[in-house]
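Novice: Sequence:
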Amino acid sequence: MSKKEIIKRYILFIISLFFIGLGVAFTKHGELGISPISSVANILSYKFTFMTFGSWLIFSNCILIAGQIILLRKKFQLYQLLQLPLSFIFGYFTDFGMWCVSHIPNEVYGMKLLLVFVGIIILAFGISLGVIANVILNSGEAFVKTLAQVLKKEFSDVKIAFDVSWVAISIILSLVFFNGRLVGTREGTVISAVCTGIVVKFWNRILKMPLEKILKKI
Numbered sequence: 061m062s063k064k065e066i067i068k069r070y071i072l073f074i075i076s077l078f079f080i081g082l083g084v085a086f087t088k089h090g091e092l093g094i095s096p097i098s099s100v101a102n103i104l105s106y107k108f109t110f111m112t113f114g115s116w117l118i119f120s121n122c123i124l125i126a127g128q129i130i131l132l133r134k135k136f137q138l139y140q141l142l143q144l145p146l147s148f149i150f151g152y153f154t155d156f157g158m159w160c161v162s163h164i165p166n167e168v169y170g171m172k173l174l175l176v177f178v179g180i181i182i183l184a185f186g187i188s189l190g191v192i193a194n195v196i197l198n199s200g201e202a203f204v205k206t207l208a209q210v211l212k213k214e215f216s217d218v219k220i221a222f223d224v225s226w227v228a229i230s231i232i233l234s235l236v237f238f239n240g241r242l243v244g245t246r247e248g249t250v251i252s253a254v255c256t257g258i259v260v261k262f263w264n265r266i267l268k269m270p271l272e273k274i275l276k277k278i
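All residue numbers for the sequence shown refer to the working numbering, where the first residue is 61 and numbers rise by one.
Please keep in mind that the hints were generated in silico from the structure rather than gathered at the bench.
A virtual CB, placed ideally from N, CA and C, is assigned to each residue, including glycine.
Some hints could be false.
[To be verified] Pair ranges (Cβ atoms, derived):
hint, residue 1, residue 2, range
1, Ile164, Ile232, 26 to 32 Å
2, Ile164, Phe238, 23 to 29 Å
3, Lys273, Val224, 23 to 29 Å
[Said to hold, decoys possible] The calculated lysine-lysine pairs, modelled on DSS-like cross-linking and capped at a C-alpha distance of 27 Å, are:
hint, residue 1, residue 2
4, Lys273, Lys64
5, Lys64, Lys134
6, Lys219, Lys277
7, Lys134, Lys219
8, Lys219, Lys135
9, Lys212, Lys261
10, Lys134, Lys205
11, Lys68, Lys261
12, Lys276, Lys172
13, Lys261, Lys273
14, Lys107, Lys205
15, Lys172, Lys63
16, Lys64, Lys212
17, Lys276, Lys68
18, Lys212, Lys68
19, Lys276, Lys64
20, Lys261, Lys277
21, Lys68, Lys277
22, Lys172, Lys268
23, Lys63, Lys219
24, Lys172, Lys68
25, Lys276, Lys63
26, Lys261, Lys135
27, Lys277, Lys64
28, Lys63, Lys212
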């Protein structure tokens, strides 16, 4: 892979982070729940408002990066520390996305549902770009990959278990923080978990070939 291609792939990955952040912002603004990987940060942002949602996402990602280091120890590859600055970029993009959607009305349930579905479409678009860029995994996927490696399990199985566990943690935090009330984890979380992968496959079919030609073009 040429240096020029590597640079283009990292640029595409950063672009993917922008769309992922915007997609997450749309789903959060729908107030019906959010994607599993963002669910814990979502609850923390409701309870502890001294930090923005994007900042809590950065914090969450840093925990997952630390988890990789603890699990892999000497086997942890230093280039994976690139996840750290990329997590900050993602957090800033998400906060920018929150600002962009803040004036969209979300009082009516139908509008809330629409925001969730628009968010899923944008989120899946961003994930697809990141997959095509193929340079580095985001901290959530990287942690799952590391855990699967250590446990010697299939990535897909560990991914499901991780998502379920992350949502369970967010539910427990909600019940503890809000006197037994379920906040921030609702039907939108389930919809995101079920639909995002399907939409990612749709975007991959459309985008993969033309983007690969652009990336490999000298």
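Novice: For every hint, state whether the structure bears it out.
Specialist: Cross-check of the supplied hints:
Between Ile164 and Ile232 the Cβ separation comes to about 30 Å, which falls inside the hinted range of 26 to 32 Å. The given range of 23 to 29 Å is respected by Ile164 and Phe238, whose C-beta atoms sit roughly 25 Å from each other. Here the CB-CB span from Lys273 to Val224 is close to 38 Å, at odds with the stated 23 to 29 Å. The straight-line distance between the Cα atoms of Lys273 and Lys64 is roughly 13 Å, inside the 27 Å bound, and the hint therefore holds.
Proximity of Lys64 to Lys134 is assessed by CA-CA distance (about 31 Å); at most 27 Å being required, the pair is judged violated. Proximity of Lys219 to Lys277 is assessed by CA-CA distance (about 34 Å); at most 27 Å being required, the pair is judged violated. Using a Cα cut-off of 27 Å, the hinted pair Lys134 and Lys219 holds, with the two alpha carbons roughly 24 Å apart. Taking the CA atoms of Lys219 and Lys135, the gap is about 21 Å. The hint holds against a cut of 27 Å.
For the hint linking Lys212 to Lys261, the alpha-carbon distance of about 26 Å falls within 27 Å, and the restraint holds. Proposed proximity of Lys134 and Lys205 is supported: the alpha carbons are some 16 Å apart, at most 27 Å. Simply put, Lys68 and Lys261 have alpha-carbon atoms about 22 Å apart, close enough for the 27 Å limit, and the pair holds. In summary, the hint linking Lys276 to Lys172 is not supported, as the alpha carbons are separated by about 40 Å, beyond the 27 Å threshold.
The straight-line distance between the Cα atoms of Lys261 and Lys273 is roughly 19 Å, inside the 27 Å bound, and the hint therefore holds. A threshold of 27 Å between alpha carbons decides the hint, and for Lys107 with Lys205 the separation of about 30 Å lies outside it, so the pair is violated. Taking the CA atoms of Lys172 and Lys63, the gap is about 44 Å. The hint is violated against a cut of 27 Å. Between the alpha carbons of Lys64 and Lys212 the distance comes to roughly 35 Å, so the proposed pair goes past 27 Å and is violated.
Only pairs whose Cα atoms come within 27 Å are accepted, and Lys276 paired with Lys68 is accepted, the gap being roughly 9 Å. Under the criterion of a C-alpha separation no larger than 27 Å, the hint pairing Lys212 with Lys68 is inconsistent with the structure, at around 33 Å. Straight-line distance between C-alpha atoms of Lys276 and Lys64 comes to about 9 Å, which keeps the hinted pair within the 27 Å bound. For a cut-off of 27 Å, the pair hint linking Lys261 to Lys277 stands: about 24 Å separates their Cα positions.
Straight-line distance between C-alpha atoms of Lys68 and Lys277 comes to about 10 Å, which keeps the hinted pair within the 27 Å bound. Proposed proximity of Lys172 and Lys268 is contradicted: the alpha carbons are some 31 Å apart, above 27 Å. Taking the CA atoms of Lys63 and Lys219, the gap is about 32 Å. The hint is violated against a cut of 27 Å. For a cut-off of 27 Å, the pair hint linking Lys172 to Lys68 is broken: about 36 Å separates their Cα positions.
With a C-alpha separation of about 11 Å, the suggested pairing of Lys276 with Lys63 holds against the 27 Å cut-off. At roughly 32 Å between alpha-carbon atoms, Lys261 and Lys135 are farther apart than 27 Å, so this suggested pair is violated. Pair hint Lys277 plus Lys64 holds up; C-alpha atoms about 9 Å apart against a cutoff of 27 Å. Of the pairs offered as hints, the one joining Lys63 and Lys212 is violated, with about 34 Å between alpha carbons and a cut-off of 27 Å exceeded.
Checked against the numbered hints given earlier, the structure breaks hints 3, 5, 6, 12, 14, 15, 16, 18, 22, 23, 24, 26, 28 and satisfies all the rest.
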